[in-house]
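Each chain, written out:
2 protein chains.
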Amino acid sequence: MAAQRLFVWKFGGTSLAGTDRLRAVAERLVAAHRAGHQLVVVLSAMGGSTDELNAMAYSVSGRPQLRELDALLSVGENISCALAAMAVQDAGARAVSLTGPQAGILTDGAHGNARLREVRPERIRQELATGAIVLVTGYQGISPAGDVTTLGRGGSDASAVAIAAGLGLHECEIFTDVPAVFTADPRVVPGARPLAAISRDEMLQLAAAGASVLQPRAVELAAAHDVDVHVRSSFTNEPGTWLQEGAVFESFEITGIAHRDREALYTVTGASPATIMAALAERGAPAGAIVRNGSEIHLTAPGVEEPEVLEAVSATGAQIVLLDELGSVSLVGTGIGRRPDTMARALQALEAEDIEPLLVTSTPSRVTFHVMRRAVDRAVRRLHTTFGLHQAAAVALALDRAARSVS
Amino acid sequence: MAAQRLFVWKFGGTSLAGTDRLRAVAERLVAAHRAGHQLVVVLSAMGGSTDELNAMAYSVSGRPQLRELDALLSVGENISCALAAMAVQDAGARAVSLTGPQAGILTDGAHGNARLREVRPERIRQELATGAIVLVTGYQGISPAGDVTTLGRGGSDASAVAIAAGLGLHECEIFTDVPAVFTADPRVVPGARPLAAISRDEMLQLAAAGASVLQPRAVELAAAHDVDVHVRSSFTNEPGTWLQEGAVFESFEITGIAHRDREALYTVTGASPATIMAALAERGAPAGAIVRNGSEIHLTAPGVEEPEVLEAVSATGAQIVLLDELGSVSLVGTGIGRRPDTMARALQALEAEDIEPLLVTSTPSRVTFHVMRRAVDRAVRRLHTTFGLHQAAAVALALDRAARSVS
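Going down the list, the protein sequences come from chains U and B.
With the first letter of the first sequence counted as 1, position 250 gets the number 250 in the numbering used here; the numbers rise by one all the way through.
With the first letter of the second sequence counted as 1, position 179 gets the number 179 in the numbering used here; the numbers rise by one all the way through.
Next comes chain U alone, as it looks inside the complex (with noise of 0.2 Å):
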């Protein structure tokens, strides 16, 4: 057995949702427990419950105020926390829910969307101490007022990734209902692979361009704080994929293939990328990609409302035009967009498919291909078989790596 070990976890909706499924997550705190480990559980809100508070919200008021909505979603997670402990305590541990404030996670003011300023774990230790598992509400915070902020959707892995590095650890585990970054979306691809390591850029990329595993915050707050992040199954003890420097194969050319079905193109005229950027940040939404070309800029702005990006573009002056027909293929590897050939192994491969690319953008670690929308798992397909993705890989660092966790 593994020495004893302060750990952070992460526990998503759908390992909540149920009563069952609640119990089976506190068996398994539990037993690690019982195996002299320390835990500190990050929480979401069960299956659906956000989007519930959500829907009561938009009943009584068409416009919420952001500090009200956050009081009222935050909810969510402070209710699986309680639950979450009485159902440890059920099962013969100590345990101690402690909402986002309570666990000294602050934020600024920015109600809906805060950005994480400092974790003061005293509260955690001091519980930790006791002998307790301690269970954390996810995608809480409080603000320089006193007030509950919450993180933006998914915000739980960035508190988790947060409190980690608050507590001065190296490594988090994100149990979640994938057992792992596979090469390609498996609904899509049959034989798409697990990915034992990938690197933390790789991830970003990949979650810009559809992968939605784990939250792009998490990720970058991984990188400064030099976390690991574990994603793995909450149904199941194997080990998933873990997210590291370092977990970089020379022997890879292409880590991993996302998509998004859906990726809307605008099409701008009359105003600046510079202004066009700021009005969409100043409503916190960023661009995924801005090309010129003439007098016109394309635009797409992967994971925001298409009426917030008109309404946010017109109200600088500009004519904004949607092309909503498209969707997106990413391929996602370091230093793959610096590669001449991979480029064009890809267009030719594409171009075998009849599949043509309307808009091609390129990151050093992501190429992204705008095709039409009936196109995309073809395509997806397609390059996956092209670069090979189907062959097993080396994966020595993260078998190590995975052999160090609690299963």
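Be a bit skeptical, because a hint or two may be false.
[Stated by the list, open to error] Cβ pair distances, simulated, as ranges:
#1 B:E238 x U:E27: 51 to 59 Å
#2 B:G48 x U:G48: 14 to 22 Å
#3 B:A35 x U:E27: 55 to 63 Å
#4 B:P186 x U:T19: 38 to 46 Å
[As the list claims (entries may be wrong)] Quick look at which bits of chain B chain U covers, simulated, 3 or more residues with Cβ under 8 Å:
#5 55 to 66
#6 174 to 188
[What the hints assert, rightly or not] Interface residues of chain U toward chain B, partial, derived using beta-carbon atoms under 8 Å:
#7 N54
#8 A55
#9 L72
#10 I79
#11 L83
Because the hints were derived from the structure by calculation, they are not lab data.
Note that CB positions come from ideal geometry on N, CA and C, so glycine has one too.
Assemble the complex: chain U is given as a structure, and chain B must be docked to it using the hints.
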């Protein structure tokens, strides 16, 4: 129009059940705010939600820890306050929701039934100064350890009175689903009359005897801090009943009649009254009456679950037997317990109905008769007639008071 004032209002769960009612409350608040008044509004959880949360707790744990139960149950008030703030904002006024901890409601650490220690309303005053309607979660406080506590069922009434006192006010209005305090339950006695005013002691006695319009604790707090409480309908603008000192009608022997359809009577042998009292008090379950009869002790514990009483008393090594076919009828009026004529008239009236009380207990302002359950309603009606409660009373004092409230 009355001068501009600071009001503390409280709305209960049935007043908040559903979007329409929530909006109606919001409109009432906005109207008073537009008239220039400052409002601190204490809210309960929306109808039924506390029961739902409680059921969730027991679905994951047979014996949930009180600290975690508080963390869970307090969520209901957070939801109603955040939603009400949104509804008020939507209706056109500034509003801010504050939790018990934010509002400065300090309690001891007795989770599940915390005692109020102090109200530090700095944040409330701050928010009032910005022109906002301040919505405060009822039922909640913060323990010295920094954890959310709850004040026990119905604790929102106590929150409202405590906040009024903390703000230096001598009035507080409780909006509820009944229009007033009546001389008897109108469902049992069709001729029952609403009381325009009632003394705090009488209200305490009515509450202790089963008339659950207002939590006894709120009444005690009102007495301790000299706060007059106006109990009124949240569905109309009619004045209800003022709870205040000086509201004792010398012309009236009896103020009202309360009853309980079911009230267990226990017979204990093998322990002293002091031991029994101590055993119950330890579990926060006060005895209603303890009557010694030779070596037997008769005991009532209204409002406490029977298994809890049986367990607490058995634990002392005493024998306890439960007689569970009883209900109770109580006459309430200042000083009636000291008047032999009242007792005599009541017993004659019951005899005329062929009702034989199995236990009679009296305090200075209440006389309680334990009778067979099937006889309770008849006893209430007969006593209501015997003591002339159908007749209109002099209510000048109360009307004067009611006219000062916003309506």
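Status of the hints after comparison with the structure:
{"no.": "1", "hint": "B:E238 x U:E27: 51 to 59 Å", "verdict": "holds, 56 Å"}
{"no.": "2", "hint": "B:G48 x U:G48: 14 to 22 Å", "verdict": "holds, 19 Å"}
{"no.": "3", "hint": "B:A35 x U:E27: 55 to 63 Å", "verdict": "holds, 58 Å"}
{"no.": "4", "hint": "B:P186 x U:T19: 38 to 46 Å", "verdict": "holds, 42 Å"}
{"no.": "5", "hint": "55 to 66", "verdict": "holds (count 9)"}
{"no.": "6", "hint": "174 to 188", "verdict": "violated (count 0)"}
{"no.": "7", "hint": "N54", "verdict": "violated, 12 Å"}
{"no.": "8", "hint": "A55", "verdict": "violated, 11 Å"}
{"no.": "9", "hint": "L72", "verdict": "holds, 4 Å"}
{"no.": "10", "hint": "I79", "verdict": "holds, 6 Å"}
{"no.": "11", "hint": "L83", "verdict": "holds, 5 Å"}
Hints 6, 7 and 8 from the earlier list are contradicted by this structure; the remaining hints agree with it.
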